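K.L.:
Following the hints, position chain B against chain A.
Protein chains: 2
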Amino acid sequence: MKNIQYSKGVTQYLPFFYIIWADDLLSVSEINVVKHALEEDTTLEDQEKELLLSWLKNENSLKDKEVKIWKQIIDASKIKIIENESYPLTFFSQKVTASYFSDSSFNESLKKIEVNLGMQPNHYNHLFEVKISTNKTSKEYDSAIIDSILKGKQAKVVDTFRKDLSATIFNWETIRDKSTHRKKVLEQVKHLANKGYGAMAYPRVYNGTEDMEGYAAIFEHMMYVDGSMAIKFGVQFGLFGGSIQKLGTKKHHDLYLKNTGEASLLGCFAMTETGHGSNVRGVKTTATYDKKSNQITIHTPGKIDNKEYIGNALDSKMASVFAQLIVNGKNEGVHAILVPLRDKNHNLLPGINVVDNGYKLGLNGVDNGKIWFNQVAVPKDNLLDKYGSITNDGSYYSKIENPNKRFFTMLGTLVGGRICVARAGLGGAKMALTIAIKHALQRRQFNDNKKMQEDLLMDYPSHQLRLIPLVAKAYVYHFTLDKMMYEYCNEASDKRKVETQAAGLKSIITWYANATIQECREACGGKGYLIENRIADLKNDVDIFTTFEGDNTVLLQLAAKGVLSDFKAEFNSAGFLSVLKLLSNQINDSVTTANPLYTNKVDKDHLYDPEFHKNALNYRTRRLTYSIAKRIQGYIKKGVPSYQAFLKVQTHLISLGKAYSIAKAYEAYYTSISIIKDEKYADLFKKLGVLYALHEIRIDASWYLEQSYIGATKSKAIRQRVERLSTELRPHINTLIDGFGIPEHCLTAPISK
Amino acid sequence: MKNIQYSKGVTQYLPFFYIIWADDLLSVSEINVVKHALEEDTTLEDQEKELLLSWLKNENSLKDKEVKIWKQIIDASKIKIIENESYPLTFFSQKVTASYFSDSSFNESLKKIEVNLGMQPNHYNHLFEVKISTNKTSKEYDSAIIDSILKGKQAKVVDTFRKDLSATIFNWETIRDKSTHRKKVLEQVKHLANKGYGAMAYPRVYNGTEDMEGYAAIFEHMMYVDGSMAIKFGVQFGLFGGSIQKLGTKKHHDLYLKNTGEASLLGCFAMTETGHGSNVRGVKTTATYDKKSNQITIHTPGKIDNKEYIGNALDSKMASVFAQLIVNGKNEGVHAILVPLRDKNHNLLPGINVVDNGYKLGLNGVDNGKIWFNQVAVPKDNLLDKYGSITNDGSYYSKIENPNKRFFTMLGTLVGGRICVARAGLGGAKMALTIAIKHALQRRQFNDNKKMQEDLLMDYPSHQLRLIPLVAKAYVYHFTLDKMMYEYCNEASDKRKVETQAAGLKSIITWYANATIQECREACGGKGYLIENRIADLKNDVDIFTTFEGDNTVLLQLAAKGVLSDFKAEFNSAGFLSVLKLLSNQINDSVTTANPLYTNKVDKDHLYDPEFHKNALNYRTRRLTYSIAKRIQGYIKKGVPSYQAFLKVQTHLISLGKAYSIAKAYEAYYTSISIIKDEKYADLFKKLGVLYALHEIRIDASWYLEQSYIGATKSKAIRQRVERLSTELRPHINTLIDGFGIPEHCLTAPISK
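For the protein sequence lines, the chains are A and B, in the order given. First residue of the first sequence: 1, per full-length UniProt numbering; consecutive thereafter. First residue of the second sequence: 1, per full-length UniProt numbering; consecutive thereafter.
With the rest of the complex left out, here is chain A:
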């Protein structure tokens, strides 16, 4: 028995009184409840009651000294509150008292105070040391190691960029007015250009580092600051600059690439028209060459043929305009021409009209506008003539004779933009997941009414199932997009394949990003709805990613046609019949019967086996390809024109495009993680891959069941395994989101603190 100035009866009340007095103000309800409890407490002597009651007298405010003594007594006991006990405070009091008086029994009156005032550990855990029996997070993995695996060879670029993002110009704030927002974003883009990020993907001679892969990595990071900044940056350096770099020749590079990278020449990419969104080949703007003047005249023929939704349109001095090139009265198809828009004083040049697109759902820091050209003449040399030029004798020349092939070759060079958009979507998803999970690791809701502490949101199975598979997907898509960009940059790659894959992956990943951000918004409840918590802006900014750089529905059909034609370029020329010939030769029914061994295998080893996943995902792709081909053949035989035949299988094509992309993503991920040497981390990444694959198979389970590729038992086993994996990854979830490496200074959401 230690020395103590209070009796045993009084001591047991000390933790309660300390909490009550900690805010320096006794509330009516506290007085009411405690008084009542004291009166009922039969274990107390009259003298003790009197002392305790005197501490409840508000007018007779206690001296700080007395409250300090209580704290010293409590602290000296070295007892910790155990959060998950039924009545943590009552038990705590009992143990503190026992440490001074050898023993102490559970006091029903104390329990009543605890219950009636609803005193939960998270309301007073700043006052005492609290022992949490179940850890919020396991320390098994190190988020820094995970981060460095994700960064891969981009570590240096990424680390520098993260530091650069701490500049005050990138501080987050709520801006509702579009002109204020645009002004800030323009300054940010110029700041990034000054740091050399604008020219990154350009050749060294124009101040670049020829590092398109690094560019993609930092592009994703821009989403942590503001979606508008990322998109404005992408328009200026990727689309406008990219069109000069990829479609122009040395004369254009020498004149414009350096200024563009420095953002001293601001430009836009004028492709889409009001009347023609996805169908770029059908744009109406004409570019007519006149031999006499040696000029090209740009013209908007009809009311709805204006350029639409052009980013950077209000700030730009120049536009890369996509138009039907007419030489000697012949339409040579769509080409890009550089057209000056404004003079030095930023006044529009004659014949040019630009109208602000106004407010949008998101990305209001980007100045989108409509552009009309009224007979605007530019020098012949303004034609970006890498793939098609006008010779000195005034006739058209191109190495690529087939106009469709020429068109798709030009568009193909711009595929990097699609990968970047997917990358930005992924960044948005990572950010939203980080905020929602950090919140779920603090926020408590409901309990079993037997204990005082409520449960963490993250400990609810429904919360785990709604968020953890999405984290696994973020990991898979991270590696997939890294690999995709590597392929795009690699001269040796099959360009047509890269294009097909980029089209499909852009679609599934931007849809994933939207669904993920939405799930995070809902998982944070009303808190997720507040602008300050950042998810709202991410949601609105990322939303349009499903539409721009190619509408997802259209892109998936493109991807599917790529698969069908075995990536033969002729396909895009709409020569459907020749493709069908190819198909009937190449596809046979050998894949229709699944291996019966697989159909009912439900053991963990099998369900975790990447060979099973690959087989399932590829089976789906092959089977869909075959059945589409068969259906089309059937229609053709009945005399249905091929265009109509393809229209009839349109929804089927979209399924194929998705299936193909999912299989490719998994394959890319699995190849990428095979280089991880540390077995512990390799296992973690494999587990994330398992969750991805099973989750995807689960989504299409009805199809697999219809095909008898899996049996009912296996289908159930997969569903259960997805839930179980989500629960198994729960202890590591904090490490996994920290592994995304989002800089602390970008995580401004109060709920993620």
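If you're looking for bench data, these hints aren't it; they were derived computationally from the structure. Note that the structure is predicted; figures quoted are calculated from it, not measured. Heads up, some of the hints might be wrong.
Okay, the calculated beta carbon distance ranges per label pair [what the hints assert, rightly or not]:
1) Ser493/A - Leu127/B: 41 to 51 Å
2) Arg204/A - Ile82/B: 53 to 63 Å
3) Leu127/B - Ser293/A: 28 to 38 Å
Here a beta-carbon is modelled for each residue, glycine too, at the ideal position from N, C-alpha and C.
P.N.:
For chain B alone, coordinates are given in the frame of chain A:
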């Protein structure tokens, strides 16, 4: 051969020249292309060429008279352009010429002009009469009749309300600044109150019409104006006024109900707390009764115990505050107390602090705020004491002894709000569908490269599949919610059942609304992203409906528990064990084996049979109920505490909640449409029901396959039937969306014109 002043060769060019000259300005590309074609045209005499070339000379601007003559010649021929011909303009020219010169042959030079200038019928159909061979829409059904079926007995209220919405105060505009937006919305709400809509649901003695069903119908319509207006209106009259009406007694009604309905007393509903979102029973705000002063003191004990997200908080003079009522030191559970917030000059009263929640994703016209109470005393009479009162001798009294039952009875009276939120979500979905479908009935994209005209978006199967089932769902949910509100208002209804159903339906319908608006946004591409096209605001406003008036995930568990306990009130008191006893008695395995006759039936009659749909949907509900019960029993037997057992089946419970709600919605729809007498319309509504049911069964096909309730062939047949039904309904889709009856003056989106 009729009289004509031009030769045959010249006449065939007239339609082309007329189109080119119609905009009064010849473009370079037009001159270039036409000149080239004329030079190559071997059918022309030199004289004819000369005349035609002279018409291309820009400087020599033609007199209006000459152009007029061309038009007269064309019109006099009475030929119509046939839109879906391969080269409509060339064929048209040929036919016009033939009408004057007996015959005329197809001219390749004209075709070249048509192709090179990309002249599509939708670019010139304002100049000539165009015959559209496939109708955009069928006239088989009358949208006014459909609308009147939907309005049902609310026709009078709805028609008046629609007219009232044409007042200029409801004109739509883009407002980004929250104070401007809030000001406008407040004025709109007062305007509605002046028209008598605020008091609608109140008793006649307080100027109401006791018409809660009519209230729900007009509430939906408010979404066509502005989501913020609907929610602000709902907070003032439904939540604040509703709490007085439903939880208060005559003394409160007499004092406040009339003023509230007139909006001369603005109030808010202060339930949610920062620390307690969904768990209302766990709110921390205390309301302590002091016998001496006969007052109740309202107090916010901790930092995160403030009222959060309270709509109308900045404009309110009074709040209906939910707090733990403490009488004589005993916590009697959550009760509502009226607390004045501000004086006549709108200054906060002593002890009250209100902070603006700031900008949100949407609903920025609603003033949400946080409220803190610091020892605020109000008279005892301010306790809304219908279900629990303080007697004159200062003790607590309630007819309902069980505190949990009492709590849920109080909340149950407020269930009307949940139905209204679902209704508002439905309104948002209808509006978005109307805009997206009107757009898809005008917008063209791509073609087969063999004809000039591009295809309507609405004619793409993928577009039909993405939008038409959502229209069918809107119809089903319309009738479901009408019926739900009728049940809620009907004194004879089983209140517990109404609550369970409202919880479930609110969840599935608000999720449906969000998914639908998102689909519409994407279906409109970039156009859907512009604020002016309205979908953006609908998206952001409706988003939070999944969270407020009860988080969907929590509500679905509530619904599932309602099903499990066979609606026994004890369930909500967390007396899990007693419920389990009930379950084991009531549920047996009789439903596990499906009727083998059904498993492989794929004929149309069967797939269209409502008995099949009901059987399938109910089978799922019953099977899930049984398997959850079994799993819980298993856990309990192993000694798992019941709370933990329920946690383990949480995701399973959510599935049950959804399944139950879908089955109930279909049932309600089918009962409702049975009163339609006109067979033609009855058939149409039945077809919509088929599409709803098959679409829902399709979504859960993997589960039905796992259960062997359907076989693989049937599963495929259902998928095909969903696609086919979507295509079959395509000709009526314009009528179906017009049937929603959204007032023309509310459809301001330029793309819906």
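K.L.:
If a hint holds in the structure, say so; if it does not, say that too.
P.N.:
Quick rundown of the hints versus the structure:
1. The hinted range of 41 to 51 Å is satisfied by Ser493/A and Leu127/B, whose Cβ atoms lie roughly 49 Å apart.
2. The hinted range of 53 to 63 Å is satisfied by Arg204/A and Ile82/B, whose Cβ atoms lie roughly 59 Å apart.
3. A C-beta distance of roughly 31 Å is found between Leu127/B and Ser293/A, which places it inside the suggested range of 28 to 38 Å.
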